[in-house]
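*Asks:* Starting from the known structure of chain S, arrange chain G on it as the hints suggest.
Taken in sequence, the protein lines are chains S and G.
The numbering of the first sequence is my numbering, which starts it at 158 and goes up by one.
The numbering of the second sequence is my numbering, which starts it at 158 and goes up by one.
Careful: at least some of the hints might be erroneous.
Since copy identity is lost for identical chains, a pair holds within one copy or between any two.
Within a straight-line C-alpha distance of at most 20 Å, the following computed DMTMM-like cross-link-like pairs (lysine to aspartate or glutamate) qualify [claimed, not checked]:
#1 Lys318 <-> Glu245
#2 Lys179 <-> Asp197
#3 Lys276 <-> Asp197
#4 Lys318 <-> Glu281
#5 Lys312 <-> Asp219
#6 Lys312 <-> Glu200
#7 Lys276 <-> Glu262
#8 Lys276 <-> Asp219
#9 Lys318 <-> Asp197
Just so you know, these hints were derived from the structure itself, not from any lab.
Number of protein chains: 2
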Amino acid sequence: MSLSMYQASVPVFARGLSMLSKLLTKAEAHAAANGLSPADLLEARLAPDMYALTRQIQAACDAAKFGAARPAGITPPSHPDTETSFAELQARIKAVLDFVNGIGEAAFEGAETRAVALKTGSGELSFTGQDYLTGFALPNFFFHAVTAYDILRHKGLPLVKRDFLNLG
Amino acid sequence: MSLSMYQASVPVFARGLSMLSKLLTKAEAHAAANGLSPADLLEARLAPDMYALTRQIQAACDAAKFGAARPAGITPPSHPDTETSFAELQARIKAVLDFVNGIGEAAFEGAETRAVALKTGSGELSFTGQDYLTGFALPNFFFHAVTAYDILRHKGLPLVKRDFLNLG
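Pulled out of the complex, with its shape left as it was, chain S reads as follows:
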């Protein structure tokens, strides 16, 4: 009747980050094959007041990093959002993937009831680790990961949902 907080977080974020890396590889090849500049894709967005692709990737990386670290009671490394190229975004994803994969299962002992507090633009939110993971961290990660996919589809990349699910 139960699954581990580790299994519900680390492998899910890792699979999603790996998917984003593959999307960027396809995006870079698509730009090269179609005479687009990298910025034509990296700076693309779905609405004037939404994040562009670069910022969506950075936000997905942060969502995964905090989403795995907070229930485990770990302070994650800081990343200053300075990436401006496919190669730099790939390095950011790899750094977060290595961090997330390095959190051992033992750190999740008691994670479901661990107090998680975070400041947002509209005040502080308080969760148990379980409610944070299922009610905030996972939806927040997928929000940015799917929007990155949607931006690339909108820009003409021939992707299918199976690319997003990344089932291997």
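*Replies:* Relative to the frame of chain S, chain G by itself:
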């Protein structure tokens, strides 16, 4: 160190479905206020070969319905995807919300190891209940729910991520 399969599924899908209902209410009001026909939004899509908004909502409803039912070993009701209006989509969401909320915690006894098999366009996939939920059902639900949000943002609706997270 663990959370229940029930808590990792039913409330997550229920919150997401409730969010989609609120998005549609805002979309209908936005169309009325801006002289758009309902079809201007319901038939909007981000790429010519992606689902339009109506189909994204239907797919999100199915993802939630199966995502909660399969680990619980329940056969969900069938919905033939005939909706063509905001009111009909709201009724579909409500039906799925009622179904999902009606699955009691007891049905999730042993859900994490329950065998789940599903046919896809590229063959049959086999999962444990836990791997199905975290590796397929939740990503699949968010794929359609976020894309519905993204379509509406792309069409000019003044939404913010907090609308999507639907924290109440």
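*Asks:* Kindly indicate which numbered hints from before are broken by the structure, ordering the numbers from low to high.
*Replies:* 1, 3, 5, 7, 9
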